[in-house]
Amino acid sequence: NAGVTQTPKFRVLKTGQSMTLLCAQDMNHEYMYWYRQDPGMGLRLIHYSVGEGTTAKGEVPDGYNVSRLKKQNFLLGLESAAPSQTSVYFCASSYSFLVDRSTDTQYFGPGTRLTVL
Amino acid sequence: AQSVTQLGSHVSVSEGALVLLRCNYSSSVPPYLFWYVQYPNQGLQLLLKYTTGATLVKGINGFEAEFKKSETSFHLTKPSAHMSDAAEYFCAVSATPGGSYIPTFGRGTSLIVHP
Chain A
2 NAGVTQTPKF
12 RVLKTGQSMT
22 LLCAQDMNHE
32 YMYWYRQDPG
42 MGLRLIHYSV
52 GEGTTAKGEV
62 PDGYNVSRLK
72 KQNFLLGLES
82 AAPSQTSVYF
92 CASSYSFLVD
102 RSTDTQYFGP
112 GTRLTVL
Chain B
7 AQSVTQLGSH
17 VSVSEGALVL
27 LRCNYSSSVP
37 PYLFWYVQYP
47 NQGLQLLLKY
57 TTGATLVKGI
67 NGFEAEFKKS
77 ETSFHLTKPS
87 AHMSDAAEYF
97 CAVSATPGGS
107 YIPTFGRGTS
117 LIVHP
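Sequences listed follow chains A and B, in order.
In the working numbering, each residue's number is its place in the first sequence (first place is 1) plus 1.
In the working numbering, each residue's number is its place in the second sequence (first place is 1) plus 6.
A couple of the hints might just be wrong.
[To be verified] Subject to a maximum C-alpha distance of 30 Å in a straight line, what follows is the list of computed DSBU-like cross-link-like pairs (lysine-lysine):
1. A:LYS10 to B:LYS55
2. B:LYS55 to A:LYS72
3. B:LYS55 to B:LYS84
4. A:LYS58 to B:LYS55
5. A:LYS58 to A:LYS10
6. A:LYS58 to A:LYS15
7. A:LYS58 to A:LYS72
Since the hints were made in silico from the structure, they are not lab data.
Could you put the whole structure together from the sequences, leaning on the hints where they help?
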């Protein structure tokens, strides 16, 4: 049971380049999330998904796109990277909060450190 | 709408001293409240959570938190700090049915433990 894994762990991009971050979970969770963490800002939700084939915008979605083609994977894309997207990105997953709120617990991946020059 | 305020971006204590990390929340429905811990270069892991029932919640590593509805607070405490407690701590609230109960996180408090 690997939990939540993220690929890659580190990446350096030049402004304007594109990339995709991959998140995978093996806990059969319905919900998946992408956050960015910046000093003094805590975790800010970029996009999330409440099930396979569905996605929704979070607090800071601009400049990012996501896809959830398979239940266990959640991809975060940057089409044209900007220095403002330099951050640590965390993926998380959980059971459906709408089904049973008592199961509320998010499981986080180890993070991807992205630098955009 | 739901929100979380963590008072103090940094808290410094001596080893063996009481740890108190403050969290206040706002919500329009009964909240679920969480504390997560993040050790350097790692992801977040759940420390404890309040859902319903007993307002004093015990978590891992000797931490506990008390839900006080009248004060809209969920402060995290530990009687005696260890060097290994040095980490970033995040409070989160889940309270918005229209938002699928997606949790909102505070900005985090960095706990520094001095020998």
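Here is what the structure says about each hint:
1. At most 30 Å may separate the alpha-carbon atoms for a hinted pair to count; LYS10 of chain A and LYS55 of chain B meet this at roughly 29 Å.
2. Simply put, LYS55 of chain B and LYS72 of chain A have alpha-carbon atoms about 26 Å apart, close enough for the 30 Å limit, and the pair holds.
3. At roughly 15 Å between alpha-carbon atoms, LYS55 of chain B and LYS84 of chain B fall within 30 Å of each other, so this suggested pair holds.
4. Only pairs whose Cα atoms come within 30 Å are accepted, and LYS58 of chain A paired with LYS55 of chain B is accepted, the gap being roughly 25 Å.
5. Between the alpha carbons of LYS58 of chain A and LYS10 of chain A the distance comes to roughly 24 Å, so the proposed pair stays at or under 30 Å and holds.
6. The suggested pairing of LYS58 of chain A with LYS15 of chain A holds, with an alpha-carbon distance near 25 Å, which does not exceed 30 Å.
7. The hinted pair formed by LYS58 of chain A and LYS72 of chain A meets the criterion: a straight-line CA distance of about 18 Å does not exceed 30 Å.
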